[in-house]
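Here is how the chains run, residue by residue.
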Amino acid sequence: MNTNGTIIRMSDIRKVYDTGKVKVEALKGIDLEIHKGEMVAIVGPSGSGKSTLMNLVGCLDTPTSGEYELGGQAVSGVSRDTLAEIRNRRVGFVFQNFNLLPHISAQENVEMPLLFGGVRPAERRERAKAMLERVGLGDRVDHKPTELSGGQMQRVAIARALAMNPDIVLAVEPTGNLDSTAGSDIMSIFTDLWKQGSTMVIITHDPALARRASRVVEIRDGRITADHPSEA
Amino acid sequence: MITLKDVFKQLIRDVRNEKLRTFLTVFGIVWGTVAISLMLAFGTGLHRQIIKSTAGLGDRIVIVWPGLTSIPFEGLGKGRRIRITEDDIVSVRSDVAGLKAISSEYSTNMKVDYGTKTMSVDVSGVSPEFGSMRNLIPQSGGRFINPIDMDKQRRVAFLGEKLTRDIFGESQAVGKTVLINQSPFLVIGTLVKKDQDSSYSGPDAGKMWIPSTTYRALTGEKYVNNFVFQADAATNTKRIIERTRAAFGKRLRFDAKDKEALSMWDTTEQFVFLDIFMLAFNSFLGIIGVLTLVVGGIGVSNIMNVVVEERTREIGIKMALGAKQRWILTQFLLETLLVTFLGGVIGFGISIAVCAVFPKLGFTEYVGDPVVSPLVSVLTAVALGIVGLIAGYFPARDAARLDPVVAMKL
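Protein chains in written order, with this note's numbering: chain E, 1 to 232; chain P, 1 to 410.
Simulated from the structure, these hints should not be mistaken for laboratory data. Predicted model, so just to flag it, every value in this text is computed and none were measured. Among the hints, erroneous ones may be present.
[Said to hold, decoys possible] Calculated cross-link-like contacts (lysine-lysine; reagent style BS3-like; alpha-carbon spacing at most 30 Å):
hint, chain 1, residue 1, chain 2, residue 2
1, E, LYS144, P, LYS324
2, P, LYS100, E, LYS144
3, P, LYS117, P, LYS100
4, E, LYS28, P, LYS19
5, P, LYS5, P, LYS19
6, P, LYS100, P, LYS152
7, P, LYS19, P, LYS111
8, E, LYS129, P, LYS324
[Claimed, not checked] Some, not all, of what chain E presents toward chain P, calculated at C-beta under 8 Å:
hint, residue
9, SER76
10, ARG80
11, ALA84
12, ASN88
13, MET112
[Said to hold, decoys possible] What the simulated footprint calls covered on chain E by chain P, stretch by stretch (three residues with Cβ under 8 Å from a Cβ of chain P suffice, anywhere in the stretch; the number is not a length):
hint, segment
14, 57–63
15, 139–149
Yeah, the Cβ is synthetic: ideal placement off N, Cα and C, and Gly gets one too.
Please take these sequences and the hints and turn them into a complete structure.
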């Protein structure tokens with residue numbers, strides 16, 4: 001196995017939520033490696049720890065214990081601002097409910113991570129436009145999210161996720177809010193991105209989506225219960 | 001980095017979406033700004049007006065009347081009348097260090113004729129320095145008594161503005177000749193209209209002044225009615241009073257502690273009191289203004305809290321995309337400052353407009369004209385800045401501290 005190509009390296013990751021009275025151990029020791037160019041589907045029933053894992057993978061949260069390296073950079077125990085920087089440069093998010101800013105245009109939405117990444121305005125505009133063209137929305141740059149269909153909104157979100165050229169694209173139920181046509185559209189885009197070399201991590205319970213992945217990681221009750229290449 | 005343009009865009013969007021809310025927010029700041037700047041402006045105006053009226057009598061001067069001794073001195077009994085001649089004044093002037101100006105004043109009621117008009121006028125014989133000490137400012141085209149008038153005992157007269165009107169009506173007075181006790185006097189100047197809230201022997205508007213040398217020649221008077229002096233600095237006045245009294249006491253043989261031999265009216269006391277009083281008064285007004293602005297600031301802070309809450313999801317998304325805490329903090333802080341600034345500018349505009357209109361309303365004589373002085377502007381701006389920063393800081397900090405996971409409701 002090519003260790004140089006390791007993008008995600010998690011070892012004995014635990015996450016405990018302390019609600020004051022009760023301590024909930026959401027992740028009970030996760031060991032996971034994801035390599036460059038893989039398309040990994042993380043599947044599991046609700047309450048399995050999927051969302052918690054996604055928060056950790058996406059650097060939205062830090063583990064209670066264990067080591068996490070993303071693109072060779074240690075994530076455990078860094079400051080909030082460093083975490084924000086890591087998210088900005090290394091993670092492209094695609095959410096179930098798109099999470100676009102509703103008052104600004106598709107173009108401005110895609111520019112957002114570039115803005116936080118300190119990219120100059122002219123380059124921002126150029127790159128955002130290129131990304132929108134890449135997802136087939138070159139003619140919708142000035143539309144606001146409310147003027148777009150669900151599938152289009154998700155494509156804007158994908159363009160936004162790709163804008164900073166991240167180490168991984170982290171998608172969370174990306175087809176969950178879409179009808180089947182739009183859903184398979186998005187799945188095709190993902191497959192294309194993967195074929196173009198992007199590393200994809202998709203958290204889903206949609207079997208159709210999981211089948212498209214190169215590898216399926218099953219999680220149950222805070223532990224990885226299965227990790228195998230996709231049957232497809 | 002975040003640009004002002006981004007904040008502006010956001011603000012314009014907010015204004016459009018929440019017209020009433022934005023209006024109320026800005027209004028609180030507008031009102032606070034108007035309160036501070038107008039209160040201070042009126043305070044400043046009032047201060048200036050009172051100084052102007054008080055200075056109508058004279059510019060931090062001491063007025064002295066010779067009286068009767070009240071303490072026996074070197075074998076002389078008490079109750080002796082003190083009389084002061086011009087020689088005494090000249091001598092004391094050279095003896096007392098720190099005396100900026102001194103002028104004797106001789107006065108009596110005289111008959112003044114001009115054409116068919118005859119009237120009885122208070123005429124004073126004074127020296128040139130009297131004019132500047134007592135703020136007797138000539139209207140353009142005229143002048144006050146000068147040293148040459150004194151030397152040559154010229155028959156020239158300087159007239160109060162009311163007297164001028166009574167004698168000459170609206171026609172030109174300077175250059176005309178009036179008869180004082182049947183002697184012709186050339187009118188050399190007339191007094192500009194001034195506010196005078198205190199006087200001795202009547203307001204200056206109805207008086208007439210002639211050179212003291214001329215006066216003595218005309219009347220044969222040897223003794224001054226009173227004299228007026230001014231210290232080199234207002235703060236030295238007390239010391240100069242003591243020195244002057246001692247110098248006269250030595251020359252005219254009375255006890256230096258005898259307050260009745262020379263009774264003095266120190267007008268600087270009024271100014272000292274006035275300065276303290278106005279400082280207190282303006283501070284009071286300023287504090288009321290600041291409190292009003294603070295209330296406005298609390299309103300802004302509240303609104304910003306609501307705004308942060310409404311935009312929690314947006315904040316979460318931005319954080320997920322890599323916005324650092326500082327970015328979120330700056331965004332909300334700038335937005336608050338912008339609202340504050342906007343309100344401040346509008347409020348300041350209103351204040352300046354009020355200050356421009358006020359003089360036309362005719363209250364100037366009583367309360368003065370409000371002035372938005374540089375000090376008032378600076379104080380208002382500083383208060384606005386502080387209020388804006390504090391009002392914005394706490395909501396902005398709350399926003400920056402949000403957990404992106406919670407904020408996005410994932």
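Outcome of the hint check:
1. LYS144/E <-> LYS324/P: 25 Å, holds
2. LYS100/P <-> LYS144/E: Violated. LYS100/P to LYS144/E sits at ~79 Å, over the 30 Å cutoff.
3. LYS117/P <-> LYS100/P: Violated. LYS117/P to LYS100/P sits at ~40 Å, over the 30 Å cutoff.
4. LYS28/E <-> LYS19/P: Answer violated: LYS28/E to LYS19/P is near 51 Å, above 30 Å.
5. LYS5/P <-> LYS19/P: 20 Å, holds
6. LYS100/P <-> LYS152/P: 24 Å, holds
7. LYS19/P <-> LYS111/P: 75 Å, violated
8. LYS129/E <-> LYS324/P: Answer holds: LYS129/E to LYS324/P is near 24 Å, not above 30 Å.
9. SER76: Cβ of SER76/E sits 17 Å from chain P, so the hint is violated.
10. ARG80: Holds - the Cβ of ARG80/E comes within 8 Å of chain P, reaching about 6 Å at its closest.
11. ALA84: 5 Å, holds
12. ASN88: Given a least distance of 2 Å, the restraint on ASN88/E holds.
13. MET112: Holds - the Cβ of MET112/E comes within 8 Å of chain P, reaching about 5 Å at its closest.
14. 57–63: holds (count 3)
15. 139–149: violated (count 0)
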